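Student: Chain by chain, the residues run as shown.
Number of protein chains: 2
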Amino acid sequence: MPNRPVLDFWYEFASPYSCLSALRIEKLAEEAGVTLRWRPFLLGPIFAAQGWNTSPFALYPSKGRYMWRDTARRGRRQGVAIVKPENFPQNSLTAARLALAGRDGGWTPAFSKALFQAHFCEGRNMAEEAVLSAALKEAGSDPNVAIPLSRSEEVKGRLRAEIEYAKSIGIFGAPFFVAGDGELFWGDDRLEEALEWATEGR
Amino acid sequence: MPNRPVLDFWYEFASPYSCLSALRIEKLAEEAGVTLRWRPFLLGPIFAAQGWNTSPFALYPSKGRYMWRDTARRGRRQGVAIVKPENFPQNSLTAARLALAGRDGGWTPAFSKALFQAHFCEGRNMAEEAVLSAALKEAGSDPNVAIPLSRSEEVKGRLRAEIEYAKSIGIFGAPFFVAGDGELFWGDDRLEEALEWATEGR
Numbered sequence: 001m002p003n004r005p006v007l008d009f010w011y012e013f014a015s016p017y018s019c020l021s022a023l024r025i026e027k028l029a030e031e032a033g034v035t036l037r038w039r040p041f042l043l044g045p046i047f048a049a050q051g052w053n054t055s056p057f058a059l060y061p062s063k064g065r066y067m068w069r070d071t072a073r074r075g076r077r078q079g080v081a082i083v084k085p086e087n088f089p090q091n092s093l094t095a096a097r098l099a100l101a102g103r104d105g106g107w108t109p110a111f112s113k114a115l116f117q118a119h120f121c122e123g124r125n126m127a128e129e130a131v132l133s134a135a136l137k138e139a140g141s142d143p144n145v146a147i148p149l150s151r152s153e154e155v156k157g158r159l160r161a162e163i164e165y166a167k168s169i170g171i172f173g174a175p176f177f178v179a180g181d182g183e184l185f186w187g188d189d190r191l192e193e194a195l196e197w198a199t200e201g202r
Numbered sequence: 001m002p003n004r005p006v007l008d009f010w011y012e013f014a015s016p017y018s019c020l021s022a023l024r025i026e027k028l029a030e031e032a033g034v035t036l037r038w039r040p041f042l043l044g045p046i047f048a049a050q051g052w053n054t055s056p057f058a059l060y061p062s063k064g065r066y067m068w069r070d071t072a073r074r075g076r077r078q079g080v081a082i083v084k085p086e087n088f089p090q091n092s093l094t095a096a097r098l099a100l101a102g103r104d105g106g107w108t109p110a111f112s113k114a115l116f117q118a119h120f121c122e123g124r125n126m127a128e129e130a131v132l133s134a135a136l137k138e139a140g141s142d143p144n145v146a147i148p149l150s151r152s153e154e155v156k157g158r159l160r161a162e163i164e165y166a167k168s169i170g171i172f173g174a175p176f177f178v179a180g181d182g183e184l185f186w187g188d189d190r191l192e193e194a195l196e197w198a199t200e201g202r
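Note that the protein sequences, when read in sequence, are chains A and B. Under my numbering, the first sequence has 188 at position 188, and the numbering climbs by one with no breaks. Under my numbering, the second sequence has 99 at position 99, and the numbering climbs by one with no breaks.
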């Protein structure tokens with residue numbers, strides 16, 4: 001059997017466009033015959049290196065207003081109702097560590113989808129342990145195991161390494177899709193193009 | 001005859017994504033039965049209000065590198081070879097004034113397309129009078145009339161008013177498409193959605 005093409009899906013839990021991708025990427029990848037690698041990371045350190053202390057959607061009001069309008073329109077097209085959480089952006093550190101902790105157990109995708117839905121469709125606070133625990137349970141993971149694991153030095157180091165790697169290959173936002181040959185695609189609206197590239201090249 | 005829907009096309013001559021839109025928008029608008037209003041403006045004053053002294057593609061190197069790759073890919077799909085001009089971004093003040101000067105004579109679209117092509121497909125310097133004159137001639141306009149007109153107080157004021165208006169409705173980048181009901185769409189990749197909205201609403 002020939003090797004299946006691979007696509008890396010880099011996402012940030014505080015990113016509404018990452019949410020839109022997370023909720024639709026699996027079906028599209030399956031149809032395209034592409035294997036996905038879910039790669040949660042944090043934009044905070046990357047933004048900080050650019051001199052931003054928060055999301056550009058918070059720094060630049062017109063950009064923020066437009067983003068909520070645009071994600072609502074795009075969400076509607078895919079049957080997802082995006083709501084603006086009360087605080088935005090929220091701290092996504094624990095969420096990202098948990099998602100990385102799920103890599104070996106295979107529950108990263110299910111946890112990520114459940115958390116995105118709680119955060120951007122139900123407006124829940126993703127830094128709250130109750131919200132994280134509910135998403136873990138929905139993904140078939142035991143919070144009493146997963147939460148301590150997410151606090152281990154190993155998982156913390158894994159996240160730092162992922163962020164460094166993301167920065168080193170030129171990632172500056174989310175979501176990003178990276179094809180097997182290193183080709184970069186930024187934004188939920190490039191998902192189809194990225195899958196096409198992954199399977200056929202240019 | 002019922003009124004045709006109208007779409008405002010806000011563009012900046014130093015914006016590669018504006019170039020991609022300018023070179024494909026007329027055919028799509030015609031097919032959709034939408035009347036276009038070409039509205040050249042400057043992003044410089046809008047960026048300055050956000051604390052940026054140049055294009056974000058120049059301020060943030062990864063973003064800039066990605067943009068040239070992305071516009072090359074998108075250009076290829078529409079049969080346009082995008083090249084990075086030697087200096088980027090270039091001063092687009094005279095270009096924008098000229099484009100506004102062409103509103104009454106009706107040559108704004110033809111001039112804009114010719115100049116975008118010279119700048120982003122042939123790498124010419126759009127601040128040079130020879131390049132501007134060639135684009136004017138291609139659009140059937142006499143440079144000896146158009147250039148002095150572009151320096152008139154009336155045209156200068158027209159451009160300032162356009163920039164103020166753009167800012168007031170929440171425009172923060174280019175291209176932007178604005179439907180008759182005020183709905184905003186940002187980026188060449190939203191052109192189809194904007195035309196659909198203009199004709200059907202949401």
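To be clear, the hints were calculated from the coordinates, so they are not data collected in a lab. For clarity, every value in this text was computed on a predicted model and none was experimentally measured. A couple of the hints might just be wrong.
Since copy identity is lost for identical chains, a pair holds within one copy or between any two.
[Stated by the list, open to error] DSSO-like mimics (lysine-lysine), calculated; alpha carbons at most 30 Å apart, straight line:
(1) LYS63 - LYS113
(2) LYS63 - LYS167
(3) LYS156 - LYS167
(4) LYS63 - LYS137
(5) LYS63 - LYS84
(6) LYS137 - LYS156
(7) LYS84 - LYS167
(8) LYS113 - LYS27
Student: All hints, please: hold or fail.
Tutor: Quick rundown of the hints versus the structure:
no., hint, verdict
1, LYS63 - LYS113, "both (25 Å within a copy, 27 Å between copies)"
2, LYS63 - LYS167, "both (23 Å within a copy, 11 Å between copies)"
3, LYS156 - LYS167, "within (17 Å within a copy, 43 Å between copies)"
4, LYS63 - LYS137, "neither (35 Å within a copy, 38 Å between copies)"
5, LYS63 - LYS84, "both (14 Å within a copy, 26 Å between copies)"
6, LYS137 - LYS156, "within (22 Å within a copy, 62 Å between copies)"
7, LYS84 - LYS167, "both (27 Å within a copy, 23 Å between copies)"
8, LYS113 - LYS27, "within (13 Å within a copy, 40 Å between copies)"
Hint compliance for this structure: hint 4 is the single one not met.
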